[in-house]
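Colleague: Going down the list, the sequences are from chains F and W.
In this text, residue positions in the first sequence follow full-length UniProt numbering: the first is 1, and each later residue adds one.
In this text, residue positions in the second sequence follow full-length UniProt numbering: the first is 1, and each later residue adds one.
Check the hints yourself; a few may be wrong.
To be verified - With the Cβ distance kept under 10 Å, some of the chain W side facing chain F (calculated, not the full set):
(1) Ala30
(2) Glu257
(3) Pro428
Since the hints were derived computationally from the structure, they do not count as laboratory data.
Heads up, the beta-carbon is just placed ideally off N, CA and C, and yes, glycines get one too.
2 protein chains.
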Amino acid sequence: MEYLDESEREEHWEKIHEALINEQIDQFRAEFLEIHPYDQAKIFEEQPEEIRSLIYTYLSPEEMADVMENIDSEDVEPFFNEMNPRYAAGVLAEMSTDDAVDILNEFDKNKVASFLSIMDKESAGEIKELLHYEEKTAGSIMTTEFVSIHLNQTVKEAMRHLRKEAPDAETIYYLFVVDEQKCLVGVLSLRDLIIAEGDWLISDVMSDRVVSVGVTDDQEEIAQMMRDYDFLALPVVGFQNYLLGIITVDDIMDVMEEEASDDYSKLAGISDMDRPDDTAFTSAKKRLPWLVILLFLGMFTASIIGRFEETLDQVAILAIFIPLIAGMAGNTGTQALAVAVRGIATGEIAKQGKSKILVREAFTGLINGIACGILITIVVYVWKEDFYLGLLVGLSTMATLIVATIAGAMIPLIMHRLNIDPAVASGPFITTINDIFSILIYFGMATAFMNLLIQ
Amino acid sequence: MEYLDESEREEHWEKIHEALINEQIDQFRAEFLEIHPYDQAKIFEEQPEEIRSLIYTYLSPEEMADVMENIDSEDVEPFFNEMNPRYAAGVLAEMSTDDAVDILNEFDKNKVASFLSIMDKESAGEIKELLHYEEKTAGSIMTTEFVSIHLNQTVKEAMRHLRKEAPDAETIYYLFVVDEQKCLVGVLSLRDLIIAEGDWLISDVMSDRVVSVGVTDDQEEIAQMMRDYDFLALPVVGFQNYLLGIITVDDIMDVMEEEASDDYSKLAGISDMDRPDDTAFTSAKKRLPWLVILLFLGMFTASIIGRFEETLDQVAILAIFIPLIAGMAGNTGTQALAVAVRGIATGEIAKQGKSKILVREAFTGLINGIACGILITIVVYVWKEDFYLGLLVGLSTMATLIVATIAGAMIPLIMHRLNIDPAVASGPFITTINDIFSILIYFGMATAFMNLLIQ
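Work the whole structure out from these sequences, hints included.
Modeller: This is the structure in structure tokens:
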């Protein structure tokens, strides 16, 4: 890979640092501005405060905006606090509107208001508009810096307009065509524009089958759509197709990463994925809630087993298979859960129908239940030389796997129907629910067939 | 959303179907070719075989290639089997090389050879070259249909070259600049080209700090890079920077989806995520391997509890807390695992250092262990009115949480060091390992302090 790795970054940093301590501003700017803003950001983030404050004086707000755009929006607040407020407001104004809004969403309301009050009117207006949109909707990830061209322009005029707008626009590779009312009526790729003759009309070369998203649409659905249709940018429209902004593919990649990370964390039972620089305390705090919930669910499980204390007193050996049965129930439930959550996320379940999925899961549970049940019966029989014990453990496993598989698939489907994010029905939750089912089945059967077990 | 949803697709299909049964080829082509290839693919896939064979005769190989590019490469083999071989070879030849290669990778070798033998020489040659690259490397996802321009061309010449190449290239928005030896020396965005004056030299307007990837680089790292740097295309180079191909952002979105799905499945203990149209048998077969492994690990856990049978006989109540302690160990281990696997995937752990992460995880385990331990001691004491029992369960939980957290973080790190994909150390595996630790700790402590428990 030829982008800057750790050691190259250090090498660059040495040159940059030397320029800084010798206060050679030109030297610093030459070295720093030559590298990709992502690498600038990585170098910037590694610096101590006194060096950072030197950098603020050496870079224009516009240059600093490039750096800030490449830092995770959750991490930048301290940097903005260090800057003098007028400079900070300048940096925010120079950033892509969508990135500036992401950052301002992390600040408290008073601070946002004070930044907006010292910013130039135009930028402040654009930012204010976007601040209204709810998180994770099209509105919150779109940018208003796009190029739109008019239906009645010629190719040549559009090209001239494009050359002028190119430096400020997020992307110029998709051109959105609007009518008099600024309503979206068509789309044209730069590729099409380049191939077209100069005197043709835009309305003749554009495609009027333009795909757009609504401003309140969910970001995950938009990501899905962009991936399916291989778009580089999607227009966002409001009432009566009024063109409000565009969403570009680079922002969608961040959405995909965020959503994937989110689903993954929830499956593992972490409310919010740890950040690499979290302390042990922060990290413990994020994981503790699930552990406490599990603790009480575990107590409930314990009380259920407690109700079978008599059975357990008579046949103490029953206890040794508790982790086996509960573990298999938990796992098969998590498998079914994962399939259902992914199926909902990709829209495949909507297409196939919920009942079809549930029937399939029931049969999957049955097949695996029979297979594992027979295997366990044999293993326990051979090991403990007790056929009825083997049969009990085997039959319980079979019944448990069927119930657990159906539960694993059904719970996220029900949550989805109730408009709750199905990924919240995370792994540990399903696992514990299935622990309870499995123990009821296992001890229930043991109690019913007690006379066979204590012969 | 304005792309075709289920009902719109059906509406379109009705018109298309009517044209087909009346054998109105022009009508069919007008309706079908007007919609996005993704929607064409969705409609095509839903048809019965006899209708599909009609479609093959109505569409040119080039038009069918667009349809096939929008179907998952794992699903297309039956369609190619239905086509007459010469038509099928034509379709493959007209597809993007990278997509054709993805499909051919699913076929058996003889069939690939027979398709290549009836294909035009040029396409066959391009495909053969790409078939050599290992799966999940840059080589396997790159395309050879890119536009390269020469160092010494003028902007005007480059623009003319571009207009000619545009219809066939995957993307024209990044232009890669090569020298006499076809080695990569620079990059230029179409945006820069459009703004530049016609008589300037490419070598003066290009950037020579071009980021490239090696042909054997891993696709996950490339996806990471594309996301960090917000590129739309990356050049792939071989020996001495020889330009071999490019990777475009739409393929990278598919890689991101694939990798996320992969990590998610592994955390849930599914070897390969179910496909929505899988039968219960296929689906059961995919999940069974993990269940059987867990079954034997569970037997091992059972044998460990069996060794404490004496303890269990004397204090049967111990059994009721087994699911609680094992469940919490499993969950805390999965949390630590998920954080470590994500950290490895995003490269953050390489940056922070493994030992730092392990120390943090140990402290995280200690904090949560103390918190949960105290809580459990109190709850059990209040519930069972037995202080020593409460203390035993509480202390075991504490020790278990510490060990399980460290194990959850350490196992993927060790696997990564051994060059095994850390995501293989999936949730159920860690859970079962931690079951064993937790039971050893719990019963070990119970046996040691037996005299306090049976007062």
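Colleague: Next step is simple, just say for each hint if it's right about the structure.
Modeller: Hint-by-hint comparison with the structure:
{"no.": "1", "hint": "Ala30", "in the structure": "13 Å, violated"}
{"no.": "2", "hint": "Glu257", "in the structure": "6 Å, holds"}
{"no.": "3", "hint": "Pro428", "in the structure": "5 Å, holds"}
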